[in-house]
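S.K.: Below are the chains, spelled out letter by letter.
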Amino acid sequence: MSSNVTSGGRRPPRSGRSGTRRSGLGRLGPLPWIGPAVLLIVVVVLWPVYEMVRTSFLKISVSGFVRGWAGLDKYRQLFDEPDLGSVITATVVWTVGVVALTMVISLGLAQLFNQRFPGRRLTRWALIAPWAASVLMTAIGFKWMLDRTAGVLNTLMTDLGIVDSPEDWLGDPSTAWPWMMFVAVFVSLPFTTYTLLAGLQTVPGEVYEAARVDGAGVWQTYRRITLPLLRPAFLVGVVINLINVFNSFPVIWGMTRGGPDSDTATTTVFMYQLKSSDIGESAAMSVVNFALVVVMVAAFLKVSRWNQEEA
Amino acid sequence: MAQQTIPATVGTLESASPDGRRRPVRPRRALRPRTVVVAAVAWLIAAVFLLPYLQMVITALRPASELRDATYLPDHFAWSNFVDVWRESNLGSNLRVTLLVAGGSTLLVLLVAIPAAYYTARVKYRGRKVFLLLVLVTQMFQPTSLLVGLYREFYQLGMLNSVWTLVLCNAAFNLAFAIWILTAYFSAIPVQLEEAAMIDGLGRGGALLRVTLPLAMPGVVTAVIFTFIAAWNEFVMGLTLSTVPESQPLTVGINSFIGNYTVQWNYLFAASVIAIVPVVVLFAFIERHVVSGLTAGSVK
Amino acid sequence: MKKRMLVLSAACAAGALVLTACGGGGAGGSADGTVTLKLVAADYGDKASNSSTVYWEDVAKRFEAANPEIKVDVQVVNWNDIDAQVKTMIQSGNVPDVLQTGGYADKVADDLLYKAEEVLSPATLDNLVDTFAKAGEVDGVQYGIPFVSSARALFYNKKLLADAGVTEPPKSWADLKAAAEAVKKKNPDVVPYALPLGPEEAQGETLIWELGNGGGYTGDDGKYTLDSEANVETFQWLRANLVEPGLTYSNPAATDRRTAFADFAAGKAGMLNGHPSLIQMSKDGGVDYGVAPIPGKDGALDSTLGVADWMMAFKDSGHQEEIRKFLDFAYSKENTLKFDEMYNLMPVTEDTLQEMTSNGKHKDLEPFFDLLPKASFYPLGDTSWDAVSAEIKKSGGTAVGDDPAKVLGDLQKKAEQIAANQ
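Protein chains in written order, with UniProt numbering: chain A, 1 to 311; chain B, 1 to 300; chain C, 1 to 422.
In short, the hints are calculated from the structure, not lab data.
Every value quoted in this text rests on a predicted model; they were computed, and no experiment measured them.
Worth double-checking, as some hints may not be accurate.
Within a straight-line C-alpha distance of at most 20 Å, the following computed SDA-like cross-link-like pairs (lysine to any residue) qualify [claimed, not checked]:
{"hint": "1", "chain 1": "A", "residue 1": "K143", "chain 2": "B", "residue 2": "V130"}
{"hint": "2", "chain 1": "B", "residue 1": "K129", "chain 2": "A", "residue 2": "V297"}
{"hint": "3", "chain 1": "B", "residue 1": "K129", "chain 2": "A", "residue 2": "V294"}
{"hint": "4", "chain 1": "C", "residue 1": "K184", "chain 2": "A", "residue 2": "D164"}
{"hint": "5", "chain 1": "A", "residue 1": "K302", "chain 2": "B", "residue 2": "L132"}
{"hint": "6", "chain 1": "C", "residue 1": "K47", "chain 2": "B", "residue 2": "L95"}
{"hint": "7", "chain 1": "C", "residue 1": "K47", "chain 2": "B", "residue 2": "E66"}
{"hint": "8", "chain 1": "C", "residue 1": "K413", "chain 2": "A", "residue 2": "V294"}
{"hint": "9", "chain 1": "A", "residue 1": "K143", "chain 2": "B", "residue 2": "V263"}
{"hint": "10", "chain 1": "C", "residue 1": "K184", "chain 2": "A", "residue 2": "E167"}
{"hint": "11", "chain 1": "C", "residue 1": "K414", "chain 2": "A", "residue 2": "E167"}
{"hint": "12", "chain 1": "A", "residue 1": "K143", "chain 2": "B", "residue 2": "Y72"}
{"hint": "13", "chain 1": "C", "residue 1": "K61", "chain 2": "B", "residue 2": "E246"}
{"hint": "14", "chain 1": "C", "residue 1": "K413", "chain 2": "A", "residue 2": "R76"}
{"hint": "15", "chain 1": "C", "residue 1": "K414", "chain 2": "A", "residue 2": "A70"}
{"hint": "16", "chain 1": "A", "residue 1": "K143", "chain 2": "B", "residue 2": "N260"}
{"hint": "17", "chain 1": "A", "residue 1": "K59", "chain 2": "C", "residue 2": "N94"}
{"hint": "18", "chain 1": "A", "residue 1": "K59", "chain 2": "C", "residue 2": "E391"}
{"hint": "19", "chain 1": "A", "residue 1": "K302", "chain 2": "B", "residue 2": "V130"}
{"hint": "20", "chain 1": "C", "residue 1": "K413", "chain 2": "A", "residue 2": "D164"}
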């Protein structure tokens, strides 16, 4: 049984070809084609998901030892956490803020880098840097640049007269949040800009020429022609960013670890913080976290489709 | 489903639109003032994107005694840091693991995602919606919250500390995006092209390999870049599933410069800079392939 | 519909088959009669070349040569990750045989550990310094086996203090404040007193200051007293006298010990509560440092915070005999001396202590050797301590903020809850 599925699944194109003559495909159905993908997802993603949900109903001691079932206790405990409310609010603000900023800035960048100018290729390459470097390293790099004693950004801002003396930007939540959002936008820009650039290249040149002939202004052309044609690329950008930014762990973990206390934590970081005191409660947070991202994405998809119907 | 309404849009730089149309080439003119402004702004932005990494290089070159100095440049450049970091760590073996993991998972993603995406784009089979939903849901899970489950599973399988475990995991968590993007690309390729090939005696598999795949090259390249970079930079799974130095990827190896009492910032960044280089090389390498893939596509 | 179910169930079944087929094989015994011991240890190094992996693999190699029927599988984990990693291991049933890390009592609560006397020969047991052996006890029975120790003392930058006209190290809190003010006046760019209350080590710095005011984490009855009057007063003093006047970091609750140590070793901090590892760092940084007893509210303390890291043996796989052989080997003078000297840590065994105090190679450590017999410890033998410590690390530092009583009160409530759940 097992060997059947795996050997059939490992080389789907060939088994498809040998059994084909058209009817073969129908006979085997989707199994050889999507089977391997489903198998990989089930084994590596869904199995641990099951473990995560199960863990959220377990009583687990600090040492990691499983002491038995906890029922809904861990969820109750989680919702009793005094910090939870502010963490969820912060998560929503963080996600919406970072995604909105990313999309707006990326629209501008894509437009800019779609122009023809000397060195376009090279400058586009530079844009990739935050993507090629690991997000965690970029976050740690910024933490280092913002260091109170030796951070180059502190030195620069002091020399430019923006601040009187070096500040501890990441130690105070009111300044740590803007900096972390800046870094989160910074690392999200390459992917988003590239998505939109690719979208722009699907807009046929003739459309613009027609608009020019009609005497439309630059802004009008952009709003009436470019933006609607960019819509599909824009949607991809928003959905992927929503998921990534909501789940974003390395930026915050690399810069503040969610601290002081949980004052700069999003739900994902909070989940990780809980892990050191209660694994069960942390798993409950993961489940809630997942529910939140599903709601966010579903809400966005619904709103965007509704817009489409209106338009 | 979102996937159906969203056509292929994420391409690489030089990609033409899926229907193969290209923008008319305008004749070269002398630089206009507007172009100069555009170029200046673009160059400035490019610099902003590079500066944080330049700062990493500078820190990597600081001698340990100058790490806490609030200066722009160190008094002495310690080029030997790059040698030391190589000697005092397992970067060689870390690099090998990371290459295997990133390369292996990229290959696995392609092997698994291409047939699934192709079939999903071409055939309205039962369970198609469920499959697409499954894919979208996978995208929403992050390894960070699934670590204990992953560890338990691979412990029971006796597969801890194995490069192949990391290949499987990285492939699985990047599969969703690849399927998503490839489905969109395959959908945009006219089905008639394949039918002609199939009449010529190629099966569906042959038609996919010889006709459709070359046309979908930009999509494949996008999936490759995505998976490779994500796997290259993956950290938490490597940290949890590999606890012996021989099977730890680069990101975990770099972590060892963060000690209990000190952080060796110069070594940390030197190692990070070394880690970025292969990705940049990949970009240079794959760029050429995009172009050739495109020419192949336009000839047919 | 039917077909879809079929696909999914086939995939699941295949997955399940693979799972069971490859399962097992973790138990550590093998056909040829050799036993494999799983050793998990914390990494005291800060790069691969001085990683504790090097040390343990060498110990394992020599041990295996002497005991061919036992193999030792070494896993060294970064300090930052070892707690999470060990929890994951225990939860997954992949329990190590021997573990060397920061705390042990939480494992006693789940009855996971051998008693010390079960896995150490009488000679090795006898060789442990009494204070530490005592600190390894839960309800009078020793489970935790001390591995290395250290004590905290006040480090000061001689030059910075001398420049500011401070001739001798501060003895009381008032002295410390005055010295800090003088340093700040003379040299506004340095941190006069480095107060790291960030999540990395908040529980250490907190206890040092609380001891100075006659406070601490537990009362005479062993119950938590995190929000005692003395403790609240301590934080009020810190806030009013160090934080608000800008004599330390502006956000101590977000500042880690690594930052404080790095600043001191670079000559950018005047004073801090340090640890023997700072000796070498200061020398490397060319800082002329002095070491003095910890200042208390009314005068220098004659005790200090002592910290020990622990070795423990798990019952799970029943390798009692093999573990005993290994631990006796690991606790030989040759090995412990090598480890302590490698990382400038302090010994917990009599023979090594004797060696290190008499061989003249460790003059730097002398002030710490003097402090050790009178050291106070965390409530290590309390099975809830590890969880309480995690809470203190996370939010304890915010007690220097607006409302120390509330922060400490919340912590006390959490601690009582945790203790009640044990």
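S.K.: Are the Cα positions of K143(A) and Y72(B) separated by 20 Å at most?
M.R.: holds (16 Å)
S.K.: Please work out if K302(A) and V130(B) have their alpha carbons no farther apart than 20 Å.
M.R.: OK: K302(A) and V130(B) at ~18 Å, within 20 Å.
S.K.: For a C-alpha distance cap of 20 Å, please report whether K184(C) and E167(A) respect it.
M.R.: Holds, at about 16 Å.
S.K.: Is the straight-line distance between the alpha-carbon of K59(A) and that of E391(C) 20 Å or less?
M.R.: holds (18 Å)
S.K.: Just to be careful, I want the Cα atoms of K414(C) and A70(A) compared with a cutoff of 20 Å; is the pair within it?
M.R.: holds (19 Å)
S.K.: CA of K47(C) to CA of L95(B), is that 20 Å or under?
M.R.: Holds, because 16 Å separates the two Cα atoms, which is no more than 20 Å.
S.K.: Are the Cα positions of K59(A) and N94(C) separated by 20 Å at most?
M.R.: holds (18 Å)
S.K.: Regarding the pair K47(C) and E66(B), is the alpha-carbon distance no greater than 20 Å?
M.R.: holds (19 Å)
S.K.: So if I understand the rule, the pair passes when the alpha-carbon distance is 20 Å or less; does K129(B) with V294(A) pass?
M.R.: holds (17 Å)
S.K.: What's the verdict on K184(C) and D164(A), does the C-alpha distance respect the 20 Å limit or exceed it?
M.R.: Holds - the C-alpha atoms of D164(A) and K184(C) are around 16 Å apart, at most 20 Å.
S.K.: Are the Cα positions of K143(A) and V263(B) separated by 20 Å at most?
M.R.: Since the Cα atoms of K143(A) and V263(B) sit roughly 13 Å apart, the hinted pair holds (cutoff 20 Å).
S.K.: When you check the alpha-carbon spacing of K61(C) and E246(B), does it fall within 20 Å?
M.R.: Holds: K61(C) and E246(B) sit about 17 Å apart, inside 20 Å.
Hint violations for this structure: numbers 1, 8, 11, 20, all remaining hints satisfied.
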